[in-house]
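Engineer: Sequence:
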Amino acid sequence: MPVPVICPCGTGSPYEMCCGMYHNNPGTAPTAETLMRSRYTAFAIGDFQYIADTQKLKDEPDQNIKDIQDSNEHTKWIKLEINATENGLEKDKTGVVSFSAHFKEGKHIGRLSERSMFKKVKGQWFYISGEHDVEKNTPLINSDAMKVGRNDPCLCGSGKKFKKCCAVA
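With the UniProt record's numbering applied, the sequence shown closes on residue 169, and no number is skipped along the way.
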């Protein structure tokens, strides 16, 4: 039996039992935070169809999969931190999730901090818009949750060993 790949969203659960369920069944995320985590994971693994299927952008309603892919072509997502949530539960119609997403582009590490707005339409959560700030060349804080050995699976969820993935500078 193969070792399950840990989901990139930071829950510590296997991908198949976490965001993989939502990627295989778009529109089933029960909360705004769950959708946010599954969208982060979709960016991390390059599932741009899922990103397109789970958004109704106010400012860019015509954004397509190629646009999404092009804007993430050189980005490797490393770690997600949920900072706060407002509403966005199963009974709510709107929700806000504030998060920080650490990324790597080439030899540079940065952090995207965003306050994302979500709306439930006919029982399905959608990403509507976000206010974000990008900090480049930020230090990646290695919390206890991030401690990983060279031969452990990489925290980004790639399925590769850490030494062959994010540890490569």
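Among the clues, some could well be false.
[Claimed, not checked] Okay, the calculated beta carbon distance ranges per label pair:
#, residue 1, residue 2, range
1, L57, N151, 40 to 48 Å
2, P61, N151, 44 to 52 Å
3, G123, K161, 38 to 46 Å
4, E16, E81, 29 to 37 Å
[What the hints assert, rightly or not] SDA-like mimics (lysine to any residue), calculated; alpha carbons at most 20 Å apart, straight line:
#, residue 1, residue 2
5, K120, K76
6, K104, Q55
7, K93, D62
8, K104, G46
9, K119, D62
10, K120, E131
11, K93, K136
12, K163, T75
13, K58, K93
14, K119, V96
15, K66, D47
16, K76, D133
17, K119, K107
18, K76, V96
19, K76, H132
20, K119, H132
21, K76, G110
22, K107, S71
23, K119, L57
24, K107, N72
25, K136, D152
26, K136, G110
27, K76, P30
28, K56, M117
29, K56, E81
30, K56, D92
31, K136, R111
32, K163, K58
33, K161, K66
Read the hints as simulated data drawn from the structure, not as lab findings. Quick caveat, the model's predicted, so the values are computed rather than measured. Ideal Cβ positions, reconstructed from N, Cα and C, are used throughout, including at glycine.
Engineer: Now look at each hint and say whether the structure bears it out.
Structural biologist: Consistency of the hints with the structure:
no.	hint	verdict
1	L57 with N151: 40 to 48 Å	holds, 41 Å
2	P61 with N151: 44 to 52 Å	holds, 46 Å
3	G123 with K161: 38 to 46 Å	holds, 41 Å
4	E16 with E81: 29 to 37 Å	violated, 23 Å
5	K120 with K76	violated, 29 Å
6	K104 with Q55	violated, 24 Å
7	K93 with D62	violated, 24 Å
8	K104 with G46	holds, 15 Å
9	K119 with D62	holds, 18 Å
10	K120 with E131	holds, 19 Å
11	K93 with K136	violated, 34 Å
12	K163 with T75	holds, 18 Å
13	K58 with K93	holds, 16 Å
14	K119 with V96	holds, 9 Å
15	K66 with D47	holds, 12 Å
16	K76 with D133	holds, 17 Å
17	K119 with K107	violated, 36 Å
18	K76 with V96	violated, 24 Å
19	K76 with H132	holds, 18 Å
20	K119 with H132	holds, 18 Å
21	K76 with G110	holds, 10 Å
22	K107 with S71	holds, 18 Å
23	K119 with L57	holds, 11 Å
24	K107 with N72	holds, 16 Å
25	K136 with D152	violated, 27 Å
26	K136 with G110	holds, 4 Å
27	K76 with P30	violated, 27 Å
28	K56 with M117	holds, 11 Å
29	K56 with E81	violated, 23 Å
30	K56 with D92	holds, 17 Å
31	K136 with R111	holds, 6 Å
32	K163 with K58	violated, 41 Å
33	K161 with K66	violated, 29 Å
In this structure, the earlier hints numbered 4, 5, 6, 7, 11, 17, 18, 25, 27, 29, 32, 33 are contradicted, and the remaining ones agree with it.
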